[in-house]
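Trainee: Which chain is which? The protein sequence lines are L and U, in order. The letter at position 85 of the first sequence is residue 372 when you use the working numbering, and the numbering goes up by one with no holes. The letter at position 43 of the second sequence is residue 641 when you use the working numbering, and the numbering goes up by one with no holes.
Certain hints may be false.
[Stated by the list, open to error] Keeping only pairs whose Cα atoms sit at most 30 Å apart, straight-line, the calculated DSSO-like set for lysine-lysine is:
1. K300(L) - K377(L)
2. K693(U) - K665(U)
3. K868(U) - K316(L)
4. K868(U) - K960(U)
5. K428(L) - K868(U)
6. K616(L) - K659(L)
7. K722(L) - K752(L)
8. K960(U) - K684(U)
9. K377(L) - K1014(U)
10. K757(L) - K701(L)
11. K684(U) - K316(L)
12. K693(U) - K428(L)
13. K960(U) - K880(U)
14. K709(U) - K693(U)
15. K960(U) - K377(L)
16. K773(L) - K701(L)
17. K377(L) - K665(U)
18. K773(L) - K757(L)
19. K352(L) - K316(L)
20. K709(U) - K665(U)
21. K352(L) - K530(L)
These are computed hints drawn from the structure, not numbers from a lab.
Here are the chains, one letter per residue:
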Amino acid sequence: MSPQMSYADAMDKFDPVFGIEVHVELNTKTKMFCGCANEFGAEPNTQVCPVCLGLPGAMPVTNQKAVESAIRLGLALGCQIRESSRFARKNYFYPDLAKDYQISQYDEPTCYEGSLDVVLDDGTVVTIGIERAHMEEDAGKNTHKGGTGGIQGADYSLVDYNRGGVPLVEIVTKPIEGMGDRTAEVARAYVATIRDIVKGLGISDGRMEQGSVRADVNLSLRAKAADGEDQSAVPFGKRSETKNVNSLRAIERAIHHEAGRQAELLLAGKPVVQETRHWQEGDGTTTPGRSKEEAEDYRYFPEPDLLPVEPSREWIEELRAALPEHPSKMRARLQQEWGFSDLEMRDAINADALVLITDTVAAGAAPQAARKWWMGELARVANERDIALEALPVTPADIAELQSLVDSGALNDKLARQALEGTLAGEGSPAAVVKARGLEVVSDDSALEAAVDAALAAQPDVLAKIQDGKVQAAGAIVGAVMQATKGQADAGRVREIILKRAGVQ
Amino acid sequence: MTDWTRKGALEMADAMAAGEVTSVELTQACLDRIAAVEANVHAFLLVDAEGALATAAAVDADRAAGKDLPRLAGVPIAIKDVLVTKGMETTAGSKILSGWIPPYDATVTAKIREARMPILGKTNMDEFAMGSSTEHSGYGPTHNPWDLDRIPGGSGGGSAAALAAWEAPLAIGSDTGGSIRQPASVTGTVGVKPTYGGVSRYGAIALASSLDQLGPCARSVEDAAALHQVMGGHDPMDATSLDEPLPDFVAAAQEGRANGLKGLKVAVIKELGGEGYQAGVKQRFEESLDLLRGLGAEITEVSCPSFEYALAAYYLILPSEASSNLAKFDSVRFGLRVDEGGTTIERVMAATRAEGFGDEVKRRIMLGTYALSAGYYDAYYGSAQKVRTLIQRDFAAAFEQADVLVSPTTPTTPFKLGEQLDDPLAMYLNDVATIPANLAGIPGMSLPSGLAPEDNLPVGFQILAPAREDARLYRVGAALEAALTAQWGGSLMAQAPELEVAR
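Isolated chain L, as found in the complex (with noise of 0.2 Å):
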């Protein structure tokens, strides 16, 4: 049920606290564990071997390739790497889980007290306190079949161990308070700064509609402290936890639609139940998971079968200075050299252009050329294709050539409009669309001067104006011409062959 109250009118009446924690799936070669695949979207049950399938006498062995992206994001994190950290158990049962427990950290995480800078869009910056940083292993997946979906009532459910060990990395962020009616914006900027800067490492491809990065939103509302009062001195409410909210804006909507929720709650003199809700992308709303009443015990303790994780100093080091810059800073960097307008950055930024685009310059193109080609004609098709940039069927070296085309006059708006059309359909780079599609620019002046000749002819009331000093009548000469040579005439020349032709230059 969606609650009457606004998000605006919830944050008027409470204060709010909120902590995320994050799932980054990382991209390496292999699992967690073992040496199968770690590849999205196989056949089911195609990438398993006897130790994520949790078999009887198998055993795990730790990815290193993981542990170094866990400890390159927690660097990027500004977090302590621990010199000697544990893997523990966690153990529960279900059936997405093939061991009966699931190798976690616990106490002693290898990546702790960090803290992350959060630039807003209107440029404040809002520093996050970063808890901890662990490694673990994901869960298979489970399809219920029959009933409403859900485990119960199904009337079976089947089980793909295809993503059972795929190593995570989950990063928790300290209670965060004293953000009033930006919580659902911080919280969105937090998020959306983690996913940069996986995908800045390298680490992830930060897909959250992969499921790649994934998030769980915690928010409690207190009262407000009273005039003069310190607001910290004021004890937390009881939290909600809302479960795998999977994109930016569903993040948003969740803080909203939780706020108001527990705002109702709170002033109908209503308690908050400390539990975990699911989010619903459909209408926008929660609905109670497990309460902690029934909250498992999940008896942690230090995994046997695995080694302490000993990073060494030196390595640490080298790691450190080996990282990217941060998002923040490559950020206000890139404008600068671009030469951006803020408008025009915060665009690119919320349509997950930026490397497109530092890409695109890199291949030759001008910036502002690059970013009209990503944020106009192909972030329109992307929109009606309703894909991410980057799936687009183009590169940034497709685009660099498209925009060397029209530098050089070979192609006009127009016919490079059509070259691009043809490079998303896939028939070849830009250069290749134009050769076989024979989409060059008319060039030759006598075959245009016998266009304008033969339009000013049809026409001479506009030829007339023209000479009259109506110089902008020629417009409809020049439309005409384009039309009788098909788009394939640069406008400019038209344009003064015609004025050459009326005698009025």
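Using the hints, position chain U against chain L.
Mentor: Okay, now just chain U, sitting in the frame of chain L:
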């Protein structure tokens, strides 16, 4: 006519090399013996005559063709059912795994196959290696060939009994708190628990991961050394496997037998003797000490005060790890499923585990689940780990003063089947002398030191060495064994009563 079943593994290997016998003949002799005595002994859960003979025939063919073969090629072996064998039912003695055919080989199984040793079958054990008598097997107990009314020890009673009943010259065991050494002790055979990490655990169905170790079982120290040589070495599939070269255990045994033990410092562990130890056990132990002195060793005594808490710590750590290791037996992917029809997954899991696990397994799962629970962890599991550290320190201090430590392997000779079945604490005390080595990860050996005069049943002598010094066990064990057999005028096994043979 030679009864080949009475020969040792290395004797068999030499005889094959000399062309005196074929592997098929040896394997068939073992299979015939199994057929003759199994009804009384029940050492095996599964016998694979076809597979064993096929391996044997292939070895014979290669030998006839003059090909180079591993040292133990063609020597038959029995494998404890805790070890996963591809294509061969593996149950770990539990009904919950009844009918499970593994799709892969344990590392040690693969090494046995590479060594070209015919696998006779899988030996009986206490369910998931929990027990000291094999009475907790889901498939009925094994009987001690020295006295069929008595227990063969456990959990590896099947492997030890197969040796003592002349069914196999070699067997593989697993030792979590004494499951190789205690059965060796009560069956008059030799068993070795290697240094933790010395033999890969990959494919050994886990009981308590931080304590489990696979090891060789044989009728002589040198045969055990030869099998250890095959089993040991680094395995990238086991993260706890030691990455270092394997010493020559057979050479160490030969060295000890040939040159004696001059200058060796041997210390008796004060806490592992005295009260609760049977008179005949103590008597044979003392006699062995005299023999060691005669071999040139210096005997002293050390105190390991923390050993008093070893049993208590062990019975917190083991059940804790076991409760987690055994969670995977949930009916979802393999083994038994008790389907209640239309009920929830939780109820199917619960019904399957209720039916598939035996009492001792349930007891330990409950103990471990409790010990790991929030609010109890520090008091139980946490404290037990501290005791473990203290025991490691006791050993470290003791090994400052001595090259090896010794004790009786078990406080008593084998008790009667059923005698301790309803008294878990009495049963647990059988392992009081063997458990400390597992808690510290150090290697230990049990070898026969004679028969207790009061009941004519075998007594075991335990030797412990520092971690990674397994070779020292073979050197000392072989020297003592040579002195003992010289005194007896033959091996102790020669004194075992003849079993009734089925026709």
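Trainee: Does each hint fit the structure? Answer for all of them.
Mentor: Okay, the hints, checked on the actual structure:
no.	hint	result
1	K300(L) - K377(L)	39 Å, violated
2	K693(U) - K665(U)	43 Å, violated
3	K868(U) - K316(L)	55 Å, violated
4	K868(U) - K960(U)	35 Å, violated
5	K428(L) - K868(U)	56 Å, violated
6	K616(L) - K659(L)	23 Å, holds
7	K722(L) - K752(L)	39 Å, violated
8	K960(U) - K684(U)	28 Å, holds
9	K377(L) - K1014(U)	41 Å, violated
10	K757(L) - K701(L)	26 Å, holds
11	K684(U) - K316(L)	28 Å, holds
12	K693(U) - K428(L)	29 Å, holds
13	K960(U) - K880(U)	35 Å, violated
14	K709(U) - K693(U)	27 Å, holds
15	K960(U) - K377(L)	20 Å, holds
16	K773(L) - K701(L)	10 Å, holds
17	K377(L) - K665(U)	51 Å, violated
18	K773(L) - K757(L)	26 Å, holds
19	K352(L) - K316(L)	9 Å, holds
20	K709(U) - K665(U)	19 Å, holds
21	K352(L) - K530(L)	28 Å, holds
Hints 1, 2, 3, 4, 5, 7, 9, 13 and 17 from the list above are not met by this structure, while the remaining hints are.
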